[in-house]
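A.B. asks: Using the sequences and the hints given, assemble the complete structure.
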Amino acid sequence: AQKVTQAQTEISVVEKEDVTLDCVYETRDTTYYLFWYKQPPSGELVFLIRRNSFDEQNEISGRYSWNFQKSTSSFNFTITASQVVDSAVYFCALSEADSNYQLIWGAGTKLIIKP
Amino acid sequence: EPEVTQTPSHQVTQMGQEVILRCVPISNHLYFYWYRQILGQKVEFLVSFYNNEISEKSEIFDDQFSVERPDGSNFTLKIRSTKLEDSAMYFCASSVRLGEGNQPQHFGDGTRLSIL
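Protein chains in written order, with our numbering: chain A, 1 to 115; chain B, 1001 to 1116.
Honestly, the hints are just simulated from the structure, not real lab data.
Every residue, glycine too, gets a C-beta built ideally from N, C-alpha and C.
Keep in mind that a hint or two might mislead.
Said to hold, decoys possible - Cβ-Cβ distance ranges computed for the label pairs, FRET-style: (1) P1070/B to A7/A: 22 to 32 Å; (2) S1027/B to F47/A: 10 to 20 Å; (3) A7/A to I1038/B: 14 to 24 Å; (4) E59/A to E1003/B: 23 to 33 Å; (5) K16/A to R1080/B: 43 to 53 Å; (6) N100/A to T1007/B: 20 to 30 Å; (7) N52/A to S1027/B: 24 to 34 Å; (8) I1038/B to N100/A: 14 to 24 Å; (9) S42/A to S1027/B: 44 to 54 Å; (10) Q69/A to E1001/B: 23 to 33 Å; (11) D1071/B to S42/A: 23 to 33 Å; (12) R63/A to E1001/B: 15 to 25 Å.
C.D. replies: And the structure:
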């Protein structure tokens, strides 16, 4: 069973639209961390955010916002007013004590922002 | 800002040859990791390393793989006899602490390994 599910394989929107990337996770740990990483076409992994399981406060950073809901085991990522430079593959990842805090990755969502 | 650095950025090797991928973690970090990403697929955990020994490894990390911290700065991944399916991007990561304190793992830019 997938521990981290990113059901959207690819999303394509026109610039300036808002877009939400979904992430659903599965864990039995009470202490865990959730991450989002961006992988642009150049291939590197760029850290965007981490969240621990005890902090359900949503977070906003510029055009990026994250909605963490333990009740639905989801950690969704929204980009408002998308820009072409946002085009990348976005990965959601889970880190749990049971797995010695290794990162367990979702399959990624390829986001295409058209001008 | 300190970075994890990986060399080389691209390695081309004949099947069956040994290859060593090198990483210099951030200097005050204590936990080191290797991940692999086959082209177009998700990132997969290979191994974590702490206090000069492997703390966790995945099923992918079989006897063909080994890791070493030969000196105070480098962290290497060796593949003893490469196979075509080892072709992937290999990412090194490091972190200060294990999990606690919300420490993210800092990633290098990766080494693209191509096996011919």
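A.B. asks: Which hints from the list above does the structure break, by number from lowest to highest?
C.D. replies: Of the numbered hints given earlier, those the structure breaks are 1 and 9, listed in rising order.
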